[in-house]
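Trainee: In case you want the letters, here they are:
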Amino acid sequence: MNPLVDQLAVGAIIAGALGFFVLRILRKRAGGKSCGSDCGCGTTKIAKPLK
Amino acid sequence: MSTRAPAPVATPARDVLRHVAIAGNPNCGKSTIFNALTGLRQKVGNYPGVTVEKKTGRFFGSHGEAMELLDLPGSYSLQVRSPDEAVSRDVLLGRLPGTPRPDVIICVVDASNLERNLYLVAQMLELQIPVVVALNMVDVAEKNGIVIDLMALREKLGVPVIPMVGTKGVGFIELRQAVSRSPLPHPPICAQMPIVLEREVMALAKQLPVAPEVARGEALLLLTLHDQALDEVAHHERAIIDATKTAQQRLRTAGIDPLSAPVDARYDWIGEVCAAAHHSGGDHHALSISDRLDGWLTHRVWGWVAFLGIMVLMFFCIFTVAQYPMDWIKDGAAALSKWVTGHMPDSDLRGLLTDGIIAGVGGVVVFLPQILILYFFLGILEDTGYMARAAFIMDRLMSKVGLHGKSFIPMLSSLACAIPGIMASRTVENRKDRLVTILVAPLMSCSARIPVYTLMIAVLIPSHSALQKAGIMLSMYLLGLVAAAGMAWLFKRKLLRGETPMLLLEMPPYRLPSWRGVLLRMWERAGLFLRRAGTIILALSILLWALATFPKPDKADATPSEALAQSFAGRMGHAIEPVIAPLGYDWKIGIGLIGSFAAREVFVGTMSIVYSVENKDEENIEPLRDTMIAEKRADGRPVFTPLVCIGLMVFYVLAMQCISTVAIVRRETNSWRWPLFQIAYMTALAWIGAFIVFQGGKLLGFQ
Chain A
302 MNPLVDQLAV GAIIAGALGF FVLRILRKRA GGKSCGSDCG CGTTKIAKPL
352 K
Chain B
342 MSTRAPAPVA TPARDVLRHV AIAGNPNCGK STIFNALTGL RQKVGNYPGV
392 TVEKKTGRFF GSHGEAMELL DLPGSYSLQV RSPDEAVSRD VLLGRLPGTP
442 RPDVIICVVD ASNLERNLYL VAQMLELQIP VVVALNMVDV AEKNGIVIDL
492 MALREKLGVP VIPMVGTKGV GFIELRQAVS RSPLPHPPIC AQMPIVLERE
542 VMALAKQLPV APEVARGEAL LLLTLHDQAL DEVAHHERAI IDATKTAQQR
592 LRTAGIDPLS APVDARYDWI GEVCAAAHHS GGDHHALSIS DRLDGWLTHR
642 VWGWVAFLGI MVLMFFCIFT VAQYPMDWIK DGAAALSKWV TGHMPDSDLR
692 GLLTDGIIAG VGGVVVFLPQ ILILYFFLGI LEDTGYMARA AFIMDRLMSK
742 VGLHGKSFIP MLSSLACAIP GIMASRTVEN RKDRLVTILV APLMSCSARI
792 PVYTLMIAVL IPSHSALQKA GIMLSMYLLG LVAAAGMAWL FKRKLLRGET
842 PMLLLEMPPY RLPSWRGVLL RMWERAGLFL RRAGTIILAL SILLWALATF
892 PKPDKADATP SEALAQSFAG RMGHAIEPVI APLGYDWKIG IGLIGSFAAR
942 EVFVGTMSIV YSVENKDEEN IEPLRDTMIA EKRADGRPVF TPLVCIGLMV
992 FYVLAMQCIS TVAIVRRETN SWRWPLFQIA YMTALAWIGA FIVFQGGKLL
1042 GFQ
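Chains A and B, in that order, give the protein sequences.
Heads up, the first sequence is in this note's numbering, so the first residue is 302 and it goes up one at a time.
Heads up, the second sequence is in this note's numbering, so the first residue is 342 and it goes up one at a time.
Treat the hints as calculated values from the structure; they're not laboratory data.
Nothing here was measured: the structure is a model prediction, and the numbers come from that model.
For glycine and all other residues, C-beta sits at the position ideal for the given N, C-alpha and C.
One or more hints might be untrue.
Here are a few chain B residues that face chain A, going by a calculated C-beta distance under 7 Å [unchecked claim]:
1. SER688
2. ASP689
3. LEU690
4. LEU693
5. LEU884
6. VAL980
7. PRO983
Restraint ranges, calculated between C-beta atoms of paired labels, are given here [stated by the list, open to error]:
8. A/GLY320 to B/TRP645: 31 to 41 Å
9. A/MET302 to B/PHE401: 54 to 64 Å
10. B/GLY827 to A/MET302: 52 to 62 Å
11. A/LEU327 to B/THR1024: 25 to 35 Å
12. B/SER1012 to A/ASN303: 47 to 57 Å
13. A/PHE322 to B/ARG1014: 22 to 32 Å
14. A/ASN303 to B/LEU869: 49 to 59 Å
15. A/ARG325 to B/ALA1021: 46 to 56 Å
16. B/GLY612 to A/ARG325: 52 to 62 Å
17. B/ALA407 to A/GLY320: 34 to 44 Å
18. A/MET302 to B/LEU677: 11 to 21 Å
19. A/LEU327 to B/ASP895: 31 to 41 Å
Please put together the full structure from these sequences, using the hints given.
Mentor: Spelled out as structure tokens, the structure:
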């Protein structure tokens, strides 16, 4: 494999993973009241609480 | 100049014709009715306190009109004792900012327990909001020999009464029709208060800055508060509180106890209603099946035997039944890795795919079957009503540490996940007890710990029987329980002193579990787990692989072990090695501890990545368990000795290692002080626990 393509692909995937966490934090901040997890407790996923 | 009429702005609130609240005693089927009307899947269970927060959904009336439905936490009366009950009271009185006062209340009443449920109905009728009574569980009442005269009940209450069986879909058409009726009549005031009291109530009501419809109900609530509770009222001005106290004084002078007179009046009314509409046949003194089962399951000795037996059975199934699907997932991941290796040239990208993504995500996903089996058992325990019995037998232990059995329900819920467990602590009335419950709930072993326990047990006793493995896992769960009890005792003695409260807990009747409900919950959990694996764990695995791979070693001929040692992850592992060396851990385990700080289960994925990166030159990829068993220190001694394996499990029993729990504790305590304290004490406890296991074991001559 071309070393440049290899490095670019790996770099893009790592940047994507980092971007995922940054977006997650920003979205949570904007979301206000939320359980903040995927635990299934129902706060955000099943039925939303009133704002 | 042209003028344009402003375009109408459509807001969701305008679409909604009515706001409907579902209220009632705990465990009378409110959430079941809510789910059936809205099509949502709000959690339901056969024990009091499943719903601790208001939840909304939308449903349509019999003419297609949209209505907003509000599911409220259960409450025995509007004189609240716990934060979840306060939510119901505040919504019904229109005190909650941003939440409109309901236009209609669906008051769910357990038909098999009519007399007790009618107390809340009496208070609802006093609120002057249209009420529809959903007489739920009429099938259970019939089975118990209770006959309810519906006509007489409707006449006495003065509101629509709909007989229902929520779990079987009976009565929903009639309920929709009743709620859709327009205009809905305001209910009559049923419980007649003494004239002197009524006069004081009306006088106080006139002074209250609230809507005229709720003024009487609000004034009645104020007049029935004792001095200390009145001083704690924050939503009224001081002048109102003083006026209430003066009115109470006048009532006492007139020979009326303001605290008990309204209660007596309501019970007199309930007596009249029951005399007219409630007839119980059969022999009251004969023991029901529930009573007979309780004789065993809440027995001082047999109760514990049953509890431990259920736990052993659960863990045995976790190790036996789950093994087959686990092997399929493991084989699938290995085949995928082999396929990628065979079809791609040696490169960083191939390393990222095989050693990072497949090893990291596959290493965690393999535990899905075990987690689902745990949820299957917990679902059955919740549906049958066993949770309340477990809380009852635990009350003896809990009262010794200063808490009561009610605190055990949040702790039992934490076996699935600490987050709903911490939210369930809202049912605990006393603030200090609630805080202690929140502080110790994450010590109960949650489902995210299963991957760590399973891996370490597999390394510790690879060829032993499933029963022995289940025994070790059970001992870890019991260690979590003992640690939670011990820390609660310490906190109650030193930090949050207070009296040990009495346990008042409703024992729900035993019911057959709803298999559909249990399977649906497992399906939801599987979806959530896979979504988590495909997002957070995937992203973490990529980053951990990058940390374990870069920077590349300066020497071209460096071995993979040397390369790992020089990577960012290797340096981090080496940096914390002095702290973890007394626990018997090497720097690679240190990487696992750091990697799993945000989520415990990532430990397995991290170890998988670390050993995959280190062994990437090897043709045959060995299972993680075998790699860990074969792992040696520089002097040739094995790394994962029995003491290290047990110490690691103990560490994960006691350590916080869950960022989502930190976030929920911050929200529930409304401060950063408690979650930070919790991280500090749990990390210290975990270190001390692992230290005692390793160093104490060595002193005793173990390896």
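Trainee: Which hint numbers doesn't this structure obey?
Mentor: 6, 7, 8, 14 and 15
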